[in-house]
Amino acid sequence: MSTPGAPAAATLASAATADADAGAGATPVAGAIDAARLALLRDLKLAFRKRGQLVQPLAFFALVTMLFPLAVSPELSRLREMAPGVIWVAALLASLLALEFLFRDDAYDGTLEQYALSGQSLTWLMFAKTAAHWLLTGLPLALMAPLAALSLGAPLASLTGIVGSVAVGSVALSLIGSIGAALTLGMKRSGALLSLLTLPLSLPVLIYGARATQLAISGGPLLAPLELLGALAVLGVTLAPLAAAAAVRISLE
Amino acid sequence: MLDERLEVENLHLWRGERHVLRGVRFALGRAGCLEVTGPNGSGKTSLLRTLCGLIYPEEGTVLWKGENVRRDLPAFHAALAYLGHEPPLKADLSARENLRYWVGIRRRVAANALDAALERVGASGWCDRLVRTLSAGQRRRVALAGLALLVVPLWILDEPTTNLDAEGQQLVGSLIAEQLARGGLVIAAVHQGLPAAVRDVRRLELPP
Amino acid sequence: MTWTWFHRLASPPYVYALAARLTPWFAWPAALLIVAGLWGGLVLAPPDYQQGDGFRIIYVHAPSAWMSLMVYTTMAVAAAVGLIWRIKVAHAVAASCAPIGASFTFAALVTGALWGEPMWGTYWEWDPRLTSELILLFLYLGYMGLRAGIEDTQRADRASALLAVVGVVNVPIIHYSVTWWNSLHQAPSVMRLDKPAIAPAMLLPLLSMLLGFTLYFVALLLVRLRGEVLARERSASWIREAVSA
Amino acid sequence: MRQFLDMGGYAAFVWPAYLVTLTVVVLNIVWARRALERSRAAARRRLDARGEQP
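Top to bottom, those sequences are chains A, B, C and D.
Here my numbering runs 6 ahead of the position in the first sequence, where the first position is 1.
Here my numbering runs 4 ahead of the position in the second sequence, where the first position is 1.
Here my numbering runs 1203 ahead of the position in the third sequence, where the first position is 1.
Here my numbering runs 16 ahead of the position in the fourth sequence, where the first position is 1.
Bear in mind the hints are in silico, worked out from the structure with no lab data behind them.
Since we're looking at a predicted model, the values are computed, not measured.
All residues carry an ideal CB built from backbone N, CA and C; glycine is no exception.
Do not rely on the hints blindly, as some may be mistaken.
Claimed, not checked - Cβ pair distances, simulated, as ranges:
#1 A198/A x L1387/C: 29 to 35 Å
#2 L43/D x A1404/C: 26 to 32 Å
#3 G129/B x T244/A: 46 to 52 Å
In isolation and in its complexed conformation, chain A is listed as follows (with noise of 0.2 Å):
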């Protein structure tokens, strides 16, 4: 063995041994948590390195929410009436935007190849990542939704209540949209069929995410569509990282 390195290559290969010796069966194994956790960090970690990814979505959301107002008129009054439209598509199509990116990298630089092979559920490795692109455009549009509310005539009254409802509506949409991700991976120009397949299964979403906003903004009770929208994101979390992992497996085949 006349390797470079080679003092290290024994240490190397003695911590081999050592785990060798106890057993196949008995390397120390991470956890499905721990996996998932480190998925998670990965995936914050690179979206850090590449910042301008990040911040398109936002952008485009805040874009869209302008142009409402030029388009239709700066009377606030008539503004308002339209403010919960306008944020839930305008949240809806950036989240959409964002998707394109979920696996995209991954796909191609056999990340995915590896987490199926990992041994670990890819059920929970699939709900990291999904969850970290919540983290990544979910929160930030539920951070940013009470800007765009306040520019629609929205009373600052109603901000907590605009901002809860985009916070948990968009948990459902990242986890909708991840199973149309991974179905769509490996395809060419997949943008148009993404959207396709994921707003029609977004629409209860928007529904109820609009009505929890139009509540808030009017003043009225709004646990109704919020718990709605809890119930279609605690559905989503125990569904779609099933479903998003079994259209991995389909798009390794």
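Got chain A; can you put chains B, C and D on it based on the hints?
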């Protein structure tokens, strides 16, 4: 415990209109090394991906420790490391970070073991540079370090020596030899044959 | 033992031959029932006391709407079977369903709009049923788009099957949410189309149409299924037999 | 007959609805047959292509 043994029975695979694998069969026991050769398009990569359980064959089974791998894929995957054509590295992470995440998802890895592995592949000097700034050969070396760190009985390697210089090819040879010495199994698709350090290689030639 | 029928149903040559043999047994009764339904609906049934002769649209609208839902359900069930047991024939069934379902969803939308104009005074009403029907059309289009986007048939089968299953989980949620949304905005004066009681002279043609369309769907499915099965088959000897026959 | 065609004043809605549905019914038959024919042609082509390389 059952012996670590990979058996492949009558594997048939179609890709679109092409009958790629036509009844592939072999068995590989502890410390066995199998070299898969064949011209481009003969299905080497398809075979390796089928062995991994990524592709579902039309017919035939893959048995690990005497049991169909489909019955417990996660357990099989926990015993397996696969390296494809491209090293599975993130361009925007450093070599060290890449290994920490890639290996860490599968098993806990100590910092000194990571250092040792990087040094082993001659990456100490540049392991903190972003992967996008590394050459193809350097990336391949990082992937090899990851492979060694995974410490699993079965290695499935697709062209492990691509882009490597003479010294890098030797490195591949000694890594494989060590894996075999530990009693591990290695299946590698190769063009020019495995480096000389690996002895007792069995060969599976795929027809064009 | 009890599973032999199941295995035979999963065997492409058997299915191909069976489908060819069964097609006329569904096609002719379907034609008969549809003609009878048309006669009964257009001629025999008396005009509705509120909607006059306009209500006769029900004899094409209801079967179309029924087809759109039944075909989607069939597609999703077949897709799930194909996904779980990896049965090619099941995927072939699912693939055959999509264009049929999409076209009848379209017909249901158009006839719904044509019914809406005299009844509501507008072609399009954001009525929960019409809205759900529109969403269903998009689900079908997405399914077909996904199939078209993936070249490899096996992967297209499995990916689209997954989408169909996800869709079928979502359809009730979507319908519920649309109904909920509609209840917020509905003007109370809009006329409802549901009839609590319907005279037998009106009902019989409708039942005849519904059954006729169902049989017609099975016949169509059998024809399409043969093509899809053929496209998925690799055994040369059998294909030769099927093609030359 | 004219009375029948007039559909109590709803002719402009009833007849197009029937026309659209029956068109869809007929088109589906044509499409299904054509799809089967296409598959058979494709299968024949595949057999020929395979015949060349034993």
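For each hint, the structure was consulted:
{"no.": "1", "hint": "A198/A x L1387/C: 29 to 35 Å", "result": "holds (31 Å)"}
{"no.": "2", "hint": "L43/D x A1404/C: 26 to 32 Å", "result": "holds (31 Å)"}
{"no.": "3", "hint": "G129/B x T244/A: 46 to 52 Å", "result": "holds (48 Å)"}
In terms of the numbered hints stated before, the structure departs from none.
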